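So you can see what is in the structure, the chains are spelled out below.
Number of protein chains: 2
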Amino acid sequence: MAVEEIALQDLDPEAFIDEKVREIAAAVGDGTAVNALSGGVDSAVVTLLGHRALGERLRTYFIENGLMRKGEPEHIREVFAALGVPVEIVDARAEFFAALRGVTDPEEKRDKGITQVFYKDVFGKLVRDSGAKFLLQGTNYTDVEETVAGVKRQHNILAQLGIDTQAAYGYQVLEPILPLRKSGVRAVGKALGLPEEIYSRPPFPGPALAARVIGEVTPERVALVREATAIVEQELADSGAFQYLAILHEDRVTGVRAGRRDFGRQIEVRCWDSTDAVTAEPTELPFATLRRIADRITAEVPGVVSVTYNVATKPPSTIEAV
Amino acid sequence: MAVEEIALQDLDPEAFIDEKVREIAAAVGDGTAVNALSGGVDSAVVTLLGHRALGERLRTYFIENGLMRKGEPEHIREVFAALGVPVEIVDARAEFFAALRGVTDPEEKRDKGITQVFYKDVFGKLVRDSGAKFLLQGTNYTDVEETVAGVKRQHNILAQLGIDTQAAYGYQVLEPILPLRKSGVRAVGKALGLPEEIYSRPPFPGPALAARVIGEVTPERVALVREATAIVEQELADSGAFQYLAILHEDRVTGVRAGRRDFGRQIEVRCWDSTDAVTAEPTELPFATLRRIADRITAEVPGVVSVTYNVATKPPSTIEAV
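Protein sequence lines correspond, in order, to chains A and B.
Counting from 0, one number per residue, gives the positions in the first sequence under numbering that gives the first Met the number 0.
Counting from 0, one number per residue, gives the positions in the second sequence under numbering that gives the first Met the number 0.
Please note that the accuracy of each hint is not assured.
[As the list claims (entries may be wrong)] Below, a sample of chain B positions facing chain A; criterion: calculated Cβ distance under 8 Å:
hint	residue
1	250
2	267
3	289
4	315
Because the hints were derived from the structure by calculation, they are not lab data.
The structure displayed is predicted, hence computed values, not measured ones.
Heads up, the beta-carbon is just placed ideally off N, CA and C, and yes, glycines get one too.
With these hints in hand, go ahead and build the complete structure from the sequences.
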């Protein structure tokens, strides 16, 4: 791998910020750059690094792909407005759901459904229209490692796979946080002045809620997992865990409501202890918390009759299900 | 409902046994009867009641449907041989798997795949060949209630649904434990001299492991859930829980083994606290037990990368998944 990891204990956040701001400024010169802000800590840190380096010559987009958390686009725009960074919301829901129609294979979902639409159609068009020649990306060290190992294709990692974005998509990708793992990214985010709510946020996958729907990703199915995700994030916000999430299964299971059979849906809850996402253990949550989450999900998310909690480690599991 | 429930506190096991033995003897007269022993407490109690009433005029079959626990047919024959009750093992694996081929709908699985094959083809043929006009059945009160309510079709409950077994299948069904729930059946089993291993056994569904495979039931998929079931039953034998089981999901989830992606299987573990199976709570198992079960299942059951634990109640869940 061409990139050297910077371990948390070796990281000087202020020095790292200075170095990356200089590098971005030097690379872009007097040109312009764009970046996509997802609301996760990775892209949030990249947005602030880019803004420090380029000021108004960085255009930051929030792509509303229909796959984000509840109320996310507006919330993120407000948070960054308070930091002096303008964020443009781009409604691309139709494009994403059209590309995801009928797709059930996980890799195809990530590749065709997310990467292709994101880079080529939606974001590629934004970059071309903007005239910018540089794209800032929040790829981190764990993403690279897993993609190179063939575990999972991260949507933001084309160069590492030998894909020439200049030739393929018409722009060059800059990845300032490539040497960092999640803990390092959080430390840099804090030093950059991000609110704690953002820098300590549980990781959210690149393909967003599409990674948390087993089987076909439709607006209706995303709406279900979005509700379940909101409940899990509310109930586990103070858990101290590395990441927590809800997954909508495709399997149906027999249930009973009001004394009648109700052939229903299942939601799986995962909550992970980890420092770097490379290995992870399921968090030993209080049983009462798990029971409360299950009661809320079965009561509040339509058609759900069954809720499970993951008890396997990574490996052999992975953090997300898709 | 025509049958009156006998609650555990009102049950005198010895008096119940005397009454049912007299009833069976009176109904069968000098004829013969047959019954199918599955190894569960319900059919075990019925076998001993029938044996007391009829002696050698009861023929007891163990139908090897390919869907039972590991080593079950031989083990059950030995247990009953020690009680003086001969059990004939009938190999019907081919018939069951042929009927289950391509069937994924839960009701169809229970109905076509299990009830029809069991009553009409396999067991019906045994009864016809034996010349017996009576069939002893282990239907209990909860089975009746759930079938009448439309929650789930129990495979041993035709008369309650208005199906005339005399006309449809050529024999009459006797159901001596119909007034009892599981706790009552266990008390009667103990009084009959069943070994504790049998009378305190966790319930096992009529459709056997077919009820624990989501999607198509094939010999290969049953073999996987059988291994997982053996692990769960070993690890939870001392849990004091009402019932514990493993379910093989049809959904595939992303996993990682030896640093490479391994798109794998998921096993769900359920463990229930209940007195009557009508309502049930997930058991608060020690987290170390759940982790050990997950480690064993991912290590010992081929292709499994993910293990979950049910945390929803019944209702809205049910005890089994199919």
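- Can you list which hints this structure breaks, lowest number first? Violated hints: none; all satisfied.
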